[in-house]
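Asker: Line by line, the protein sequences give chains A and B. The first sequence begins at 385 in my numbering and counts up one residue at a time. The second sequence begins at 3 in my numbering and counts up one residue at a time.
Among the clues, some could well be false.
Computed cross-link-like contacts, DSS-like style, restricted to lysine-lysine with a CA-CA straight-line distance of at most 27 Å [stated by the list, open to error]:
| id | chain 1 | residue 1 | chain 2 | residue 2 |
| --- | --- | --- | --- | --- |
| 1 | A | Lys-449 | A | Lys-411 |
| 2 | B | Lys-177 | A | Lys-449 |
| 3 | A | Lys-419 | B | Lys-355 |
| 4 | B | Lys-317 | B | Lys-141 |
| 5 | A | Lys-419 | B | Lys-177 |
Simulated from the structure, these hints should not be mistaken for laboratory data.
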Amino acid sequence: MMTNTGNRLTQGQFSFLPPLTDDQISKQIAYALDKGWSIGIEYTDDPHPRNTYWEMFGNPMFDLKDPAGILMEINACRKTFPHHYIRVTAFDATRGWETPRMSYIVNRPEKEPGFRLNRQEVDGRTIRYSVESYATTRPEGERYP
Amino acid sequence: MTKPVEDGVITDARKRYAAGVLKYKQMGYWQPDYTPKDTDVIALFRVTPQEGVDAEEAAAAIAGESSTATWTVVWTDRLTACELYRAKAYQVQQVPNTGEGTRTEAQFFCWIAYDLDLFEEGSIANLTASIIGNVFGFKAVKALRLEDMRLPVAYLKTFQGPATGIVVERERLDKFGRPLLGATTKPKLGLSGRNYGRVVYEALKGGLDFMKDDENINSQPFMGWRDRFLYCMEAVNRASAATGEVKGHYLNVTAGTMEDMVERAEFARSLGSVIIMIDLVVGYTAIQSMAKWARKNDMILHLHRAGNSTYSRQKNHGMNFRVICKWMRMAGVDHIHAGTVVGKLEGDPLMIKGFYDTLRDTHTPVALENGLFFEQDWASLRRVMPVASGGIHAGQMHQLIHYLGEDVVLQFGGGTIGHPQGIQAGATANRVALEAMILARNEGRDYLAEGPQILAEAARWCSPLKAALDTWGEISFNYASTDTADFVPTATAA
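Can you build the whole structure from these sequences, using the hints too?
Answerer: Right, here's the structure in full:
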């Protein structure tokens, strides 16, 4: 089990808050849509901090402007991947940004075993560090029962 | 020279270049009908002329002394395209609320245009050696302050700009849609490397994104720089594994020589640090060198503005911090301390908005109430992340987000480390307050008015936040700012 506050992965905008309700998620979606951003849903069972490319649950929904429709997609993703991490990302295509402007987790496995810190002693007192998820020692799809 | 004699300009070249002393106006440094070119650098000075010196002559003198003039006529001007190289003072305006009938002696804003050929490409040192070189000690003016500059796109394109910028920094850190959270390790002097790293680990694990060396932590008897780097990186990696998040510590590489700084930066890179830091006192050239190093080495470059208040705080002399913001964006830093509004250090909300806009926007319009005298196109130079540090705490979260927005690093040093339940709890309190406030803002709540209530709601399930609010909820620093706008009444945050 992770020993940090909340015993959980703290990536994303709202990981220190109680899990968001569907109503709260809808309001965050409405905020993003109001800014003209497009929403994408991504899932993974490899939550390494440098794992940038979670699997896309379809392309970002450029043409879907209805929070209820997007929430349906989120719930479809949750139903398909109930034990995965799922995050909602809002993409801004404006010149000078062209990058995600929001990203928050909306689903996570019940048990989060966390990460091992590997240390390799090298020259002098220098240590090479690597972070490894305990879950990813198992194959994809079998990591979080 | 085509000016009529009544203007005081001498048209006859023989007379103009005869040996002797002329007024600066007569030498051609005052040109009220000059229209600045798109490629001109424009500087706006606030001048307090000596008694008996009229405003136009003072403006002409500043133009002269910051470009080609010396105290007497020299015939060698005639070997050059001197009319091009002369800076041109083209507008003078009395500063509101100065002069007769006020408590402040008369001050004037002077607009001066400089041809692009006066400046070496990509060199802040060269730009500043002209604009703030000799002229600030010039006897004909009692006091002089550089208020603002318009940098032409053509000139900006010769600068690298921020090594990383807000967009890429956020992508590397995988953190979007909220201010980043940091803290400076305290006490800032005296901790051993081992003890220092403990503070870093606790705060990062508790929920902060960054920890930071203070400006005067370099390599002192109590803690050598290599020890600090090694222990801090142990702390950063431990915290990253404990949370699954990218974490960082600004390793201050400021040192006595450029070679030492590069050695320290390279060690930081070899240890896998995502960010290093330097102090403004290392100088403009060293800053540009480190910015190029940072771009080349995938490093975020944090700048602490140590020393700036020696010349930016008083209104009548020195230079406005917004000019430093412009130069530092050109020089290429990724972070710069730019004020908190509500904390312990100088900062009027309207002025700070001007600094933040200058650092973060791709285009800034004229906004006199924010001290921005010129429209500025930033020519795709990346955005700089402002840092708010000094006497801020979780209880001000609604005000901080209201005044500073979300692209900012909020640094709660004392507000993390001084928490009654410990450093991790202090960090958690700050992170919970931040996330709760962003959630509320995005939901469309009037979070500025309802801020205390939003925090109290979160404190109901988060005891570290409750303890933070109980300890600091009432603390505020209400002093009048010295650096305020000239054009509208200012409001100071409660």
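Asker: Does each hint fit the structure? Answer for all of them.
Answerer: Against the structure, the hints come out as follows:
1. A:Lys-449 with A:Lys-411: Holds. Lys-449 (chain A) to Lys-411 (chain A) sits at ~13 Å (cutoff 27 Å).
2. B:Lys-177 with A:Lys-449: 24 Å, holds
3. A:Lys-419 with B:Lys-355: 22 Å, holds
4. B:Lys-317 with B:Lys-141: Holds: Lys-317 (chain B) and Lys-141 (chain B) sit about 19 Å apart, inside 27 Å.
5. A:Lys-419 with B:Lys-177: Holds: Lys-419 (chain A) and Lys-177 (chain B) sit about 19 Å apart, inside 27 Å.
Of the hints listed earlier, there is not a single one the structure fails to meet.
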